[in-house]
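*Asks:* Sequence:
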Amino acid sequence: MHQPLYLLDGQQRLTSLAWVYRPESKADGRLIDLRFDVRTEEFVNPSAVQRKDPLLIPVSTLLRENVQFYQVLLQAGVPFDDPNFDAWTQRMQRVNNIRHHQIAVITYESDDYEEVAELFARLNKGGRRLSKGDLVYSAIAARWADGLDTMDSFHQELQDSNFALNREAVLRLMSLLAGTGAHHIKLIGAEVDEAALKEAWQDTERALRFAIDFLKGECSIPRSEVLSSPNVTIVPALLLHHRDGKLRPGEAQLTTATAGGCGCRR
Numbered sequence: 037m038h039q040p041l042y043l044l045d046g047q048q049r050l051t052s053l054a055w056v057y058r059p060e061s062k063a064d065g066r067l068i069d070l071r072f073d074v075r076t077e078e079f080v081n082p083s084a085v086q087r088k089d090p091l092l093i094p095v096s097t098l099l100r101e102n103v104q105f106y107q108v109l110l111q112a113g114v115p116f117d118d119p120n121f122d123a124w125t126q127r128m129q130r131v132n133n134i135r136h137h138q139i140a141v142i143t144y145e146s147d148d149y150e151e152v153a154e155l156f157a158r159l160n161k162g163g164r165r166l167s168k169g170d171l172v173y174s175a176i177a178a179r180w181a182d183g184l185d186t187m188d189s190f191h192q193e194l195q196d197s198n199f200a201l202n203r204e205a206v207l208r209l210m211s212l213l214a215g216t217g218a219h220h221i222k223l224i225g226a227e228v229d230e231a232a233l234k235e236a237w238q239d240t241e242r243a244l245r246f247a248i249d250f251l252k253g254e255c256s257i258p259r260s261e262v263l264s265s266p267n268v269t270i271v272p273a274l275l276l277h278h279r280d281g282k283l284r285p286g287e288a289q290l291t292t293a294t295a296g297g298c299g300c301r302r
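If you read the sequence shown in the numbering used here, its first letter stands for residue 37, the second for the next number, and so on.
Hints should not be assumed to be uniformly reliable.
Calculated cross-link-like contacts (lysine-lysine; reagent style DSS-like; alpha-carbon spacing at most 27 Å) [as the list claims (entries may be wrong)]:
(1) K252 / K282
(2) K282 / K234
(3) K234 / K168
(4) K222 / K234
The calculated label-pair distances, taken between Cβ atoms and stated as ranges, are [claimed, not checked]:
(5) F121 / P82: 17 to 25 Å
(6) E101 / P40: 21 to 29 Å
(7) T97 / L41: 25 to 33 Å
(8) G217 / H191: 40 to 48 Å
(9) H278 / E230: 50 to 58 Å
(10) H278 / L41: 34 to 42 Å
(11) D280 / Q39: 27 to 35 Å
(12) D229 / T143: 20 to 28 Å
(13) A231 / E101: 41 to 49 Å
Everything labelled a hint here was simulated from the structure, so no lab data went into it.
Here a beta-carbon is modelled for each residue, glycine too, at the ideal position from N, C-alpha and C.
Model the full assembly from the supplied sequences, consistent with the hints where possible.
*Replies:* Below, the structure written as structure tokens:
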């Protein structure tokens, strides 16, 4: 049975290279127009005026297999007897040699998603710090076509209601509701398919709406910044989900105490 591989780091670089090789492959239909100036050996993102310069050669042309450089120069209006003809041909050849550049690939084999997530976080220490939650969101987006838009829309709803929550806390609740335990990284497990993700997310939205109404109404907490921890929402959300939004007598006080004594009215 074929075992799929997952790319943890280098996706942006590989995607950019793919777009240069095949500009038409860009999903939004906007072509990547990267040019090579044979006179200066510079790569240029041309302006409308520069696109008219025949010596700014599209890089996608130079990267084609079996490209004939002399034809490229002739089409650009450079005759054989031009003193720069040979030098410019060699420069274009060097660009084409990028095709043969070897890229190092390190394969990490593990069935432990927690280990993979930790590796992902370590690899992404440069630039914007990425978390395990980012990995889970990316995996969900890969399995559920509208997943990222759906989740982003709900997070925007939370922000608009002054109750923006840490994404990892939301994923932790989602994992509990999906039956994979408190470790949200297990949402990446092969057994959690698109249908299961949709159902778990719908339950998560419903549970959090219950919890936010409870925290705002029963606890007089107007916004999420007041919470000692974003995880405070998980306890009432999980309980209210199982209680269909209605707590039994005495459970409100017990819930607020279990949630960490967040200054609720008694």
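*Asks:* Could you run down the list of hints and mark each one as holding or not?
*Replies:* Each hint, compared with the structure:
Note on K252 and K282: the hinted pairing holds, with a Cα-Cα distance of about 15 Å set against a maximum of 27 Å. Proximity of K282 to K234 is assessed by CA-CA distance (about 24 Å); at most 27 Å being required, the pair is judged to hold. Straight-line distance between C-alpha atoms of K234 and K168 comes to about 20 Å, which keeps the hinted pair within the 27 Å bound. The suggested pairing of K222 with K234 holds, with an alpha-carbon distance near 15 Å, which does not exceed 27 Å.
As the Cβ distance of F121 to P82 is approximately 23 Å, the hint placing it in 17 to 25 Å holds. Under the hint 21 to 29 Å, the C-beta atoms of E101 and P40, about 28 Å apart, fit the expected range. Under the hint 25 to 33 Å, the C-beta atoms of T97 and L41, about 31 Å apart, fit the expected range. Against the hinted window of 40 to 48 Å, the Cβ-Cβ separation of G217 and H191 comes to about 23 Å, which falls outside the hint.
Separation of H278 from E230 is about 25 Å and departs from the stated range, judged on CB atoms against 50 to 58 Å. Range check, H278 to L41: about 39 Å between beta-carbon atoms, so the 34 to 42 Å window is met. At about 42 Å, the CB distance of D280 to Q39 disagrees with the hint of 27 to 35 Å. Separation of D229 from T143 is about 25 Å and conforms to the stated range, judged on CB atoms against 20 to 28 Å.
Between A231 and E101 the CB atoms are about 43 Å apart, so this pair conforms to the stated range of 41 to 49 Å.
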